[in-house]
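S.K.: Here's the letter readout for the chains.
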Amino acid sequence: MITLTHYLILAAILFSIALVGILRRKNLLMLFFATEIALNAVNIALAAISKYYGDLTGQLFAFFIIAIAASEVAVGLGLLIIWYKRRGTIDLDSLQSMNG
Amino acid sequence: MVEAVAFYLFAALTIAMFVITVMSKNALYAMSSLAAGMIFISAFFFLLDADFLGVVQIIVYSGAVMALYAFGMMFFDTTKDVKEKNPSKKIVFFLSGMIALLLVVILLTPIISDKVQALYPMSDEIGNTEAVGIVLFTKYLVPFEVAAIMLLVAMIAGIILASKRMDESITLKIDQEIEKEQKGTE
Chain H
1344 MITLTHYLIL AAILFSIALV GILRRKNLLM LFFATEIALN AVNIALAAIS KYYGDLTGQL
1404 FAFFIIAIAA SEVAVGLGLL IIWYKRRGTI DLDSLQSMNG
Chain U
1077 MVEAVAFYLF AALTIAMFVI TVMSKNALYA MSSLAAGMIF ISAFFFLLDA DFLGVVQIIV
1137 YSGAVMALYA FGMMFFDTTK DVKEKNPSKK IVFFLSGMIA LLLVVILLTP IISDKVQALY
1197 PMSDEIGNTE AVGIVLFTKY LVPFEVAAIM LLVAMIAGII LASKRMDESI TLKIDQEIEK
1257 EQKGTE
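If you read the sequences in order, they're chains H and U. Here the first sequence is numbered in the numbering used here, starting from 1344 and rising by one per residue. Here the second sequence is numbered in the numbering used here, starting from 1077 and rising by one per residue.
Next comes chain H alone, as it looks inside the complex (with noise of 0.2 Å):
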């Protein structure tokens, strides 16, 4: 039998997932990827928990957070754009340009 915890956990696993991506990427791009991935351990969380106390809330916020990832990758990939026509490279470390 499956259980809400078997979800919430599942959702963890994703998520931390994500942060090992987040903290280990140096690609602006391949930051993206993990945070669309933190974003969707999220709404599996959110699903099992509408599932399991009978409450349609949990599906509707995950509704509304695919919005949000969608304006994220949109206006995200709009500066991304601009950064690699100014710099000719996505890399974190080219962002570096107030310290000093």
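Simulated from the structure, these hints should not be mistaken for laboratory data. The structure presented is a predicted model; accordingly, all values stated were derived computationally and were not measured. Here a beta-carbon is modelled for each residue, glycine too, at the ideal position from N, C-alpha and C. It cannot be assumed that every hint is accurate.
[Stated by the list, open to error] Here are a few chain H residues that sit away from chain U, every Cβ distance over 12 Å (derived from the structure):
#1 S1414
#2 L1438
#3 M1441
#4 N1442
[As the list claims (entries may be wrong)] Mimicking DSBU-like on lysine-lysine, the simulated pairs with C-alpha atoms at most 35 Å apart in a straight line are:
#5 H:K1369 - U:K1240
#6 U:K1101 - U:K1165
#7 U:K1165 - H:K1394
#8 H:K1394 - U:K1166
#9 U:K1215 - H:K1369
#10 U:K1101 - H:K1369
#11 H:K1369 - H:K1428
#12 U:K1240 - H:K1394
#13 H:K1369 - U:K1165
#14 U:K1215 - U:K1101
#15 H:K1394 - U:K1215
#16 U:K1215 - H:K1428
#17 U:K1101 - U:K1166
[To be verified] So, partial list: chain H residues that the calculated Cβ filter (under 10 Å) puts toward chain U:
#18 I1352
#19 L1353
#20 V1363
#21 G1364
#22 R1367
#23 G1401
#24 I1409
Let chain H serve as the given structure and place chain U on it in line with the hints.
M.R.: What follows is chain U alone, placed relative to chain H:
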């Protein structure tokens, strides 16, 4: 029984795909496994009786991931490995391990849930899509409209940001350099 088998199968597949996404050095492998993982996640939504959410997941994320694909093709040579320099792997793995441990401890603590009451209880009489529609367009109408405006703003922002200095091609310079090199060798 079927639910348990499906859960463990898709859990293993999703975790494997996302680990490849995070760990792979090849951009094409990372993108492909991300797309596969997104599709596998929709299986959980179907298992959880959230049919409409599962369909939306497939449509939105296949679209978003296809856009990422296009950008990946533009930014990298996908046949080559992405160059990343990581100064210290130990710190990264230590930090992420501790965060993961913290998360698991938080989630494994017994949930004080008996007093939780459903605000919008699911009923068996109407389907999931109808129920979502009813709640979305009554109680969550204002957040829905705000989300619509947010998507519009994001679309305009994306168009304006990407179209700035559109006359300067990203790929054209590289093509010209390649042509020069070829002429040089000939």
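S.K.: Against this structure, judge whether each hint is valid.
M.R.: Structure-based check of all given hints:
1. S1414: violated, 3 Å
2. L1438: The claim stands: L1438 of chain H keeps its Cβ more than 12 Å from every Cβ of chain U (closest is about 14 Å).
3. M1441: holds, 20 Å
4. N1442: holds, 15 Å
5. H:K1369 - U:K1240: holds, 26 Å
6. U:K1101 - U:K1165: Satisfied, since the Cα-Cα distance of roughly 15 Å is no more than 35 Å.
7. U:K1165 - H:K1394: violated, 39 Å
8. H:K1394 - U:K1166: violated, 39 Å
9. U:K1215 - H:K1369: The given pair, whose Cα atoms are some 42 Å apart, is violated under the 35 Å limit.
10. U:K1101 - H:K1369: The hint holds at about 11 Å.
11. H:K1369 - H:K1428: OK: K1369 of chain H and K1428 of chain H at ~18 Å, within 35 Å.
12. U:K1240 - H:K1394: Violated: K1240 of chain U and K1394 of chain H sit about 45 Å apart, past 35 Å.
13. H:K1369 - U:K1165: holds, 12 Å
14. U:K1215 - U:K1101: violated, 45 Å
15. H:K1394 - U:K1215: holds, 19 Å
16. U:K1215 - H:K1428: violated, 44 Å
17. U:K1101 - U:K1166: holds, 18 Å
18. I1352: holds, 6 Å
19. L1353: Because about 5 Å separates L1353 of chain H from the closest Cβ in chain U, which is inside the 10 Å limit, the hint holds.
20. V1363: Constraint on V1363 of chain H satisfied, holds at 4 Å.
21. G1364: This interface hint holds because 4 Å falls under the 10 Å limit.
22. R1367: Since chain U brings a Cβ to about 5 Å from R1367 of chain H, closer than 10 Å, the hint holds.
23. G1401: holds, 9 Å
24. I1409: holds, 5 Å
The structure is inconsistent with the numbered hints 1, 7, 8, 9, 12, 14, 16, although it conforms to all the rest.
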